[in-house]
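S.K.: Each chain, written out:
4 protein chains.
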Amino acid sequence: MSEIKNIAVLTSGGDSPGMNAAIRAVVRAGIYHGANMFGVRRGYDGLVNGEIIPMDAKSVANIIQRGGTILKTARSEEFKSIEGRTKAYENIKKLGINGLVVIGGDGTFTGASKFIEEFDIPIVGIPGTIDNDLAGTDFTIGYDTAINTVVDAVDKIRDTAESHDRLFVVEVMGRDSGLIALRSGISTGAEAVLIPELTVDYQAIMKRLDQTRKNKSSRIIIVAEGDNEGGLVVAEKIKESFPHYDVRVSILGHIQRGGKPSCMDRVLASRLGVASVEGLLEGRRGEMAGLICGQIHFTPFGKAIKHIDKINDNLTRIVEILSL
Amino acid sequence: MSEIKNIAVLTSGGDSPGMNAAIRAVVRAGIYHGANMFGVRRGYDGLVNGEIIPMDAKSVANIIQRGGTILKTARSEEFKSIEGRTKAYENIKKLGINGLVVIGGDGTFTGASKFIEEFDIPIVGIPGTIDNDLAGTDFTIGYDTAINTVVDAVDKIRDTAESHDRLFVVEVMGRDSGLIALRSGISTGAEAVLIPELTVDYQAIMKRLDQTRKNKSSRIIIVAEGDNEGGLVVAEKIKESFPHYDVRVSILGHIQRGGKPSCMDRVLASRLGVASVEGLLEGRRGEMAGLICGQIHFTPFGKAIKHIDKINDNLTRIVEILSL
Amino acid sequence: MSEIKNIAVLTSGGDSPGMNAAIRAVVRAGIYHGANMFGVRRGYDGLVNGEIIPMDAKSVANIIQRGGTILKTARSEEFKSIEGRTKAYENIKKLGINGLVVIGGDGTFTGASKFIEEFDIPIVGIPGTIDNDLAGTDFTIGYDTAINTVVDAVDKIRDTAESHDRLFVVEVMGRDSGLIALRSGISTGAEAVLIPELTVDYQAIMKRLDQTRKNKSSRIIIVAEGDNEGGLVVAEKIKESFPHYDVRVSILGHIQRGGKPSCMDRVLASRLGVASVEGLLEGRRGEMAGLICGQIHFTPFGKAIKHIDKINDNLTRIVEILSL
Amino acid sequence: MSEIKNIAVLTSGGDSPGMNAAIRAVVRAGIYHGANMFGVRRGYDGLVNGEIIPMDAKSVANIIQRGGTILKTARSEEFKSIEGRTKAYENIKKLGINGLVVIGGDGTFTGASKFIEEFDIPIVGIPGTIDNDLAGTDFTIGYDTAINTVVDAVDKIRDTAESHDRLFVVEVMGRDSGLIALRSGISTGAEAVLIPELTVDYQAIMKRLDQTRKNKSSRIIIVAEGDNEGGLVVAEKIKESFPHYDVRVSILGHIQRGGKPSCMDRVLASRLGVASVEGLLEGRRGEMAGLICGQIHFTPFGKAIKHIDKINDNLTRIVEILSL
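Residue numbers (UniProt numbering), protein chains in the order written: chain A, 1 to 324; chain B, 1 to 324; chain C, 1 to 324; chain D, 1 to 324.
These are calculated hints, taken from the structure and not from any lab test.
These numbers were taken from a predicted model, which means no experiment stands behind them.
Where a beta carbon is used, it is the ideal one built from N, C-alpha and C, also for glycine.
A hint or two may mislead.
To be verified - What the simulated footprint calls covered on chain B by chain C, stretch by stretch (three residues with Cβ under 8 Å from a Cβ of chain C suffice, anywhere in the stretch; the number is not a length):
no. : region
1   : 7-16
2   : 24-32
3   : 139-150
4   : 184-194
This is chain A alone, in the form it adopts within the complex (with noise of 0.2 Å):
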């Protein structure tokens, strides 16, 4: 084993639903194999500014079921500089931290990479975003929950689209990934999913809409916020083809952030803050811990910030078919 014996965990970049069991996860790990643990608030900032605690397994009690982080986050502009970042290693060497577990997405391990090749700190992450934009792991916590609150959101939109026998434009979180437009559009029977990986055929689409109008009294049409147009600008589009529609826009916005994690996410974040910790302790740096197939893996961070195109042609083909 490794001579890791202070170890300090910290969550960056957007909130998302199962931090807190993965906090939970890594400080009761590192005290179940004899760490003392810290807890960095405000994510970077907070090893800037110095703002650690000592957690024991008591401080982690009951926050399982709790969303959001109750170590706060934060994105840092002072950690951004090299003066910040030896501010960061000032403070965390006071301490005698040797080992820092970052939950975040990646502009987290992209500082963390900056970090260890400037002062070569033992760090290990942990994919925490709603988004699901990394590689390395099939699932990123809080992914499955933000795509239950919108199909939540979803069916409640349908009960009035249904009455109304309207169309919703629904604009759903993911910047750069339309991957929570895809599940949620598939599990909520949207007739259509636009996402910044495919170019819309908006012909395509109003052929659909024209042809599938017999067996629908409602629409739903999940158009994700990085999608070059945005919900606004396709509800236009489509009330230009079909000016008798009754077209409506919801965008969902910071809800999709939020809430109790559901249980894969509570699971996912179980099993990676015990696997970060133990692989902190093996030696491991630089590396995210991730589920690929029910299994732990391990993926540099540089190569699991590359946003990979986790877009299944087969998700697609699905949308098409269950549209009818």
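Take the given structure of chain A and dock chains B, C and D to it, following the hints.
M.R.: Below, chains B, C and D without anything else, positioned relative to chain A:
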């Protein structure tokens, strides 16, 4: 008892959760009392176009828990004209329908009043709207579900607000009424609630935001859409006064209309459904069935639609006291 | 105004959703009115053992949405003896506490009454129990959440009942009161509701089950645990009369106590929390704050705990009419 | 492509959330590929009794979000006899049905195997059961929803456990499999999980309960119903060892089967629905469509129903590490 033997029910205006529970109660209460029951599709449009179907006890089985309305709803332009209403009258006359229960809000009851005046049709109303803006009933059907949907959404937003030390401005429904905003504001621990019934004292709000800074890491401000500013403008004003705040806006939109009705809305809908039919059979017409202090009351349409101010001073005081 | 400067709050008896919202309201209202606030842990046990902690506005931040009670609760044996109560008195005297808010049910108020009698302590009560079995308030804190939990569970059971053409007997909480059973029964379209307040007419139930056979594929019978038979016995009797029915029993149990409080319970808790403190400061003691028809009322403990029969005849009629 | 032109779909065995999503996908995929589609009511009973109805795209509209199965389900005694299966064959022959999709668990596939053997009917299966106890798929349809229902219920119970410093023994479904218990145990931070696949080491459990006493005020022990003791016995044993603990038992029961399917179950059901039809048309029979590591796989019925042990050692380790 009356000569009414054939009763039709319709839903009109914006859909609200619990409308199906009300339809079920009307149909079954009618059958219980020996009437033949009919359902009209798409509100008054269905009367005009003759979309009227017979309903039996089974036709309303297993719908009490469903959002929206199985009869669909619409805002009818045709019914606003005497020609439209004449067609409607002929359609119901043809089927021998001599009693009508209409579920909806002020537009619905205004239409019903005209119809009664011109054609002497017995009509009783049921308050089905999420806005709770009718006189003659403590609560309208759908209001309790809508405020729970808002509370659930704002709880999620609070997770993110807490994690990021942010201030969120959340815009909720309520064009003419701050009731959704006020109760959901109290329930989510909002730091301020802005409603159309009260002039906004920005200085007081800013002062309070400033004074409570040390107790709070996150803040929520609830704004009713009918407030003359709207969520985006309110956010801008706060940013002007507190440029260092991380301010975000969330407009909840259409999710507030749908979803499974709450227990309270189902009980209310069931009671008013039965009461409306029994009222009709006892000779009432041009009145809305409502529940005041747990007792059934009937209020003439003309009085029910007068937007009385239901804003309770005590509730606005509570927001202030509890947002310490 | 009064001389009360130091106020303590405690929760006692079975926990109910909204107790945290009430604690928050008591603490903040006290601070708002210039008092020093204390929290007592584990109900009267904490008074006896001196588990009393100072509370500020921040100590109750972000708890309004949480089930259970952060102060914990217990049924205290020691406080039932004069020795226990003497210890309790000495503990609060030591801290200068000269006002007490107790949140709970009839056991809580009975204890409070003795304590007042013996030591002349100003105490005001808040009704916190899922059973809604207190006089002096339309609803107790936690009741609305509990019935929504029941409704949510029975909706799930209905899915299975419908899929299998089954009859389910569902036992819900309510040892002395059928209020949970009655409202959840109406809300889930139950074919029958059995409650302790009314003698069961099995013949009538069996007749109804038989008559409505053609309209129904599934049936739900709700039984309050306090009904002298209990769910299992009821199920046996039905099987005797209808041996070919596929009858199942579900005892909902403890899930009915927990969970996020509903909007209604949060508003109620917030209002009664403020009212209890203001009542105390105005000189009230030995009274429970309640809400009747939207207005705050104070009722002496002795009267509040008398189990008045809140069973509304109209509600039992509704079950019969709607279970066609 | 094949000569299959008329395809019927049925659901059989215990209902599971997502069965409706699967029915919808089968029907629409069949229509998409040019087949005529039929629905069989009440599982194999409907085949035997000729309860077979034509289905079009609209007949499965707006059901993706509903629990249970619109086709109903049953365990058929008649189909177990050659006479019953002969009747079934005659019924489908009469309608020209030459392909069948069966949704269910091991009983369903065992019946299908016999039917194929005797009458050479092309049948493809879809795994629809909450137990996740089939080989050939990572997850069965309904499992994800069921574990989320369990987690939601245990979260509520945890509120009460925390408030009262109690230990709760919660019995969950899983006659032959501890999968529901294991994942829900990790997700709710259970202190121990007892499953049929592993012998219970009571001494170890008691030791752990004792050691972690200072970190915990509440404890949850999850017991799979198939564990040879059952929840009540486990509770008794704990009380023997720790007579001063306040121990309660909750048997979750039938609520675990119903409810809206989760996003994951809807996507799974949609994918397997399409795959089953396409498999049938490509000439597959006697196989179950499953999803392994995100890819569609087909597994012969005989292999799918062999209860392979899916218990992951890592998951049992996680329970131990995290229940510190």
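S.K.: Using C-beta distances, would you say chain C covers the region 184-194 of chain B, given that this needs three or more residues below 8 Å?
M.R.: With 5 residues close enough to chain C, the hint holds.
S.K.: At least three residues with a C-beta closer than 8 Å to a C-beta of chain C: is that true for the region 7-16 of chain B?
M.R.: violated (count 0)
S.K.: Closer than 8 Å, Cβ to Cβ, for at least three residues: run that test on the region 24-32 of chain B against chain C and report holds or violated.
M.R.: As far as the region 24-32 of chain B goes, the hint holds, because 6 residues have Cβ atoms under 8 Å from chain C.
S.K.: Under 8 Å between beta-carbons, do enough residues of the region 139-150 of chain B, three at least, approach chain C for the coverage claim to hold?
M.R.: holds (count 4)
The earlier numbered hint that this structure contradicts is number 1, and it is the only one.
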